[in-house]
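Starting from the known structure of chain D, arrange chain C on it as the hints suggest.
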Amino acid sequence: MKNKQKNQRGRITLWQDIKANKMLYLMFLPAFVWFGVFRYYPMAGIIVAFKRFNYRAGIFGSPWNGFDNFAYFFKSGKAWLVTKNTILYNLVFLAVYIIGATLVAILLSEVGNKIFRKLTQTILFLPYFVSWVVLASLVYRVFDYDTGIINMIRGFFSLDPLNISTDPKVWRILLPVLYGFKWIGYGSILFLSAIMGLDRSCYEAAEIDGATVFQRIRYITLPLLRPTSITLILLGVGKIMRGDFDMFYQLIGNNGLLMDSTDIIDTLVFRSLMGNSDFGMASSAAFYQSILCFVIIITVNNLVKKVDEDSALF
Amino acid sequence: MKRKWLQKGGAVMMAALTAASVLAGCGNTEVPSEANAAGTKEVAGESGETASQTSDIDISEHVDVVGYLLGEAPAGMDDVMNAVNEKLEKDLNASLEIRYLSWGEYTAKYPLLLAAGDDIDFIFTADWCMYSQEATKNAFYELTEDELKTYMPLHWQNCAPIAWDVSKVNGKNYMITTCTPDRRCDVAAYRKDLCDKYNVTAPTKMSEFTDYLAAIKENESDIVPMNMDSQYDLGSPFGALRNEYGDRYEDANHLGIFWNAESDDGQFTPIYEGAVRESYKYAADIMKQWYDAGYINKDVFSNDVRSKDAFLEGKSAVAFGNSVDMQSFLVSAKDKGYEVGIVPLLDKQGHSLATSYLNNGVGIAATSEHPQRTMMVLDKIMEDPEYNYLVYYGIEGKNYVITEDQKIGLPDGVTADNNDYPADAAGFWFTNKDQFLPSATWSDDYIALKAQIEDGMLIDNKLTSFAPNVENVQTQVANVTNVLQQYANPMQVGMVEDTEAALTTLEEKLKAAGLEDVQAEIQKQADEYLGK
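Protein sequences appear in the order of chains D and C. Be aware that the first sequence starts at 1, since it is given in the numbering used here, and climbs by one per residue. Be aware that the second sequence starts at 315, since it is given in the numbering used here, and climbs by one per residue.
Chain D extracted, bound-state conformation:
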């Protein structure tokens, strides 16, 4: 890199850096514009959470109303429940995702047959493209009370049929399973590319020394995958307060009987405000989520930094 040139004070200015690395900055430009337009610019709108919004005055012209918009969420009596549900579900999802994806990636990397590997990879990747709407209708067919295959099998073993419309317990298992089904294929590709990038000579050396497949995985692959895993975990933790609204809403919908165990912040807010469509109140929940996410990601990142400085995100 040419950016070793320094100005009089011994420091590189941004402009000098840009001049020195034109190409790199140009490649960074699209991402910069994208984040600017879709991530940073709309941030100013968060003030609507503290306003009594009306269409004519717009976001900036509407009158302030302090913390009024936050009241409904904390008075709903469910603030703690849904916050807890959101965090717990996301933790389970994250664990399923990281462990599942690592496992699949390692298995795939050990498969010798290239065609088989590519085929499996593609098939595993497919659910990523299937929307929750489609998956939801699939789930309801498979679990149909009278005609679903699950209940037919249960009937064969003389077990009571499952009614997923009224039984919240089923969903505590079903939701992580479905999440894994949809995302593990996608995650395994990230891990697989990381594995492919590992130094092959380590493996060759280990093989010569007589290491078994399991020993190679245990002592070479897993330790070398640690930075990738930590990055993905940190990214996951960053959105731990954001429930996967699509998933929960398509699968559970407005079924009151399941709500205490499946309600997350996003669905509670959607349900409460769908009728009166108040943007200020909806934004207050987003604000709450963002603040908590921010605190959590900073804390976790600092913890990681203490243990392993190179793996931290920033």
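Please keep in mind that the hints were generated in silico from the structure rather than gathered at the bench.
Calculated lysine to any residue pairs in the SDA-like style (CA-CA distance at most 25 Å, straight line): (1) C:Lys531 <-> D:Asp144; (2) C:Lys486 <-> D:Ala57; (3) D:Lys169 <-> C:Lys602; (4) C:Lys838 <-> C:Cys443; (5) C:Lys423 <-> D:Phe270.
Below, chain C alone, put in the same frame as chain D:
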């Protein structure tokens, strides 16, 4: 050297392209076409016949009006809109584009559409469809008497003055209401042929359906006796049962607070008190009995196929709707060879509530650039019989014919099933229905029902058109809405273990959510409204 240039150029291009595609999403896609505008101006100049009506209004500028309605576009929509636009170009130098908000998503998209305010001139609205919520947020263009008289002369002339009074929110008007509120009642349809086959007495009210449902469950393994969806049907049989228990109690704005349609006392009662609670318990018990016996589908909350559609496919033995929107259903059922019986869903006194003027209407978006011209277009569509027939029944000769005995029938070879623009299906529910001839497809049962409706079935109440403004109790409303969804909805389908316990929980949760504040606020406004 050459390669380096290529690399550089390629990167620049890529960056530019990506940036452009990102930015394109935010751009305004409206491209005014000058050629088009000029062309139509000429046409407008030629049509002298309408000049008298609109002579003092400047319509030299061509305007594209965009309107939003509920439902889905029928297959024949394009043909109808072409015909409408041909006339509009000539009469008003304008064109109309209709877009649809589907039943499943309209509650979520409606506010966003109005908040964004791009490319929208009018939108369907009603007391059950966002009217007071959006009006209080200034989402609609404020209507004045002068403007209505000038730009909607036919409508102003045809409408009873009361319509203007009842559509006020905070003393201002935002809704162009229908002139002809529907004379209708809620109905449940059942298969008469199956009733006869299994020797079951034909039901005359909701609670008498038990034997019929049992017979279907026992003998027709392919049919779910009552196959309900999560939007319309959820609550339909429950409401019918609740009403037939005693007086008809109406829920103001779906907030769990009821007023008695049979009385003029103007009092609001919460779900958990007095006669409302009794009727709730009665209905919940019957629903639970039906659900436990397997008469009701288990997936009500995730099902979005209305019972009347499932009925026509042989997947449900009961269908819910109202006497107006069931017309085409009855014809289709007949074509399928089903013999259908209709049960009006009435209260104990045999009454149903007359619908208010607010039940169907249009609001003009506050952001509309041409509110006046939009009004002129709406005046034509709602009150000019030629337009009115076109948007409601489709194209004459293709979608409907006028029979010799002055009735509306289907052309030869067209059936209810293959008609690509069925009556009432395109969402123009707010037009002047007095202009329509009776339909040739009405069965004797349906004609009898209509007579019954006209003959004192409908009762009026001052509170019918009362639309409370809940701005001051937003917090409580949000939480009450949420509690009702979680604790009242399962009861309405019969899914709860113990109805008494469920009612007690509902009461506790509603009180904690602040239902009493909401009740007090609404009662206060109702007292003012009734002039107490």
